[in-house]
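Counting from 1 along the sequence shown, just add 287 to a position and that's the residue number in this note's numbering.
If a hint is listed, it holds; no wrong ones were tucked in.
Only pairs whose alpha carbons sit at most 20 angstroms apart, straight line, appear in this in silico SDA-like list of lysine to any residue: (1) Lys436 x Gly415; (2) Lys392 x Ile492; (3) Lys464 x Leu486; (4) Lys479 x Leu422; (5) Lys436 x Pro458; (6) Lys479 x Arg491; (7) Lys392 x Asp406; (8) Lys464 x Leu454; (9) Lys479 x Phe443; (10) Lys464 x Leu422; (11) Lys484 x Leu411.
Quick list of the computed label-pair ranges, beta carbon to beta carbon: (12) Leu649 x Leu329: 35 to 45 angstroms; (13) Val757 x Asp730: 14 to 24 angstroms; (14) Asn453 x Tyr401: 44 to 54 angstroms; (15) Glu489 x Met467: 21 to 31 angstroms; (16) Arg626 x Val559: 13 to 23 angstroms; (17) Arg626 x Gln729: 46 to 56 angstroms; (18) Glu291 x Pro348: 27 to 37 angstroms.
Simulated from the structure, these hints should not be mistaken for laboratory data. Note that this is a predicted model, so its numbers are computed, not measured. In this text, a Cβ means the ideal position worked out from N, Cα and C, and glycines have one as well.
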Amino acid sequence: AAIEARLDAVEELLARPEWRGRLRDRLRPIQDLERLLARVALGTATVREVAGIRETLRRLPALRNAVAEGRAALIADCRDGIDTLEDLRARLDAALVEDPPPALKDGDVVRPGYDAALDELRALRASGRDYLARLETRERQRTGIPSLKVRYNRVFGYYLEVSRPNLHLVPAEYSRKQTMTNAERFTLPELKEYEEKVLTAEERIAALEAEIFGSLRQEIAARSERLLRTADALAVLDVLAALAETAERHRYGRPRIREDRRLRIAGGRHPVLETTCEPAGFQANDTEIDPETAQILILTGPNMGGKSTYLRQVALITLLAQAGSFVPADAAEVGVVDRIFSRIGASDNLRLGQSTFLSEMLEVANILNNATDRSLILLDEVGRGTSTFDGLSLAWAVVEHLHEEAGVAAKTLFATHYHELTALAESLTRVRNLTMAVREGQDGILFLHRVVAGSSDRSYGIHVARLAGVPGTVIHRAEVVLRRLESQALRAGGRGRRSGAGAPPGPAQLPLDLEADPERPLRRALRAIEPERITPLEAIRVLADLREKAED
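All chains should be built: construct the whole structure from the sequences, respecting the hints.
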């Protein structure tokens, strides 16, 4: 029901683009309330961050009215969850200036008229500036020193500065404070008295503004629960609007959520990769997994054919559908899953001393030990990090376990280059084979990236190596070795694991038979030698005979 409620909300937002646009416009200037509230709780919120909360509160009434136009149940819940906090907004409006400075220490944070004591101190500070101007004019006239100036610094406070040529005009009541190269600084009892009064006012202004700002932060913190509920509602609304926007832009469709475990996708696409392709350039693919008839899909095909992309695509469509999003597909029926397990890619863990294969097996073990019949499993190239037969044996056993183990029977996509695994479809009733289509022509090989029923024994690894720029001599030698290995396998009674051409492998494929090796006489002669029973001279003679045979 929760998933369907999200889908209903996304569908309404998608169907009403003008309304959706207005909602997104009103959401855009909303600030991150959760982050700001965390700063308030820690007592580190700056003046501008508190002003950001005020600006968000100012915009909530208009946003709530716009949300009220929605009919979907989840959108109505969002409307009800938006608390405009008119009391807090009014307090912040009254207390903070419209464009506060970055930091509290910069001063003039509190709006005039909010606090009478603060206004009185500010008036004293302002009148003090007028007083200093009057004092400077009076002393110039009284002493006849036209260059006399009243100045201030943090070390000496307020002082009268007289240039050296005018020192003979300084009155006797002036007290010298500092002598400099070109001037001297003096003070007056009247100026000292004013300094004490003004500096005390500045300190009291700073302390009072800090006290008022601290009380504002406390009032915000006291309403944190209401603010967090509002933030949650805004977050849900933002996500729903973004999902609708994405669905419209990329032609997503509404999935059907199933209570059973089936997964059916028609024309599914990778939501990220399709955005990097030309229009209509991404190859869509169908998927059908039915735990009763097609629980495990074994996917074979060439390198660069798109197997890993296909696996990720299925997982992402499932994830998006269960999140309540429309999905990149023409149609989709998605059975709810409890977890999505993936074993994709290859990497080691040097810090823990884990090889690539060990890391792979740890992931596989986690999957097999924790998957349920409600899980979706993606396995890509399981077993490739060890020897061919070890890897094939493990992959084979994993498929059998997922098929036969009671309580598992998870929906599984298994991509592999072990083409022998396709034989499992003959003995396991819920295993199906898929392959990536390829077109061969005179101009070379074209990867179609299309998933079709069937199996393949071709990996086209040498062709991919050629595309990667591997030197031609290496490519030529690889082709020679490949033909030789395949011919040996055929003579031994198997069908061969092909990299370029040939019929699909059978279930009884055999390893390369050493007895069919052209160097059989040498191997037999080596096995006949008993080193502990021959003398050094006999060893030299045997070595000479072996060399002669090798040259022949």
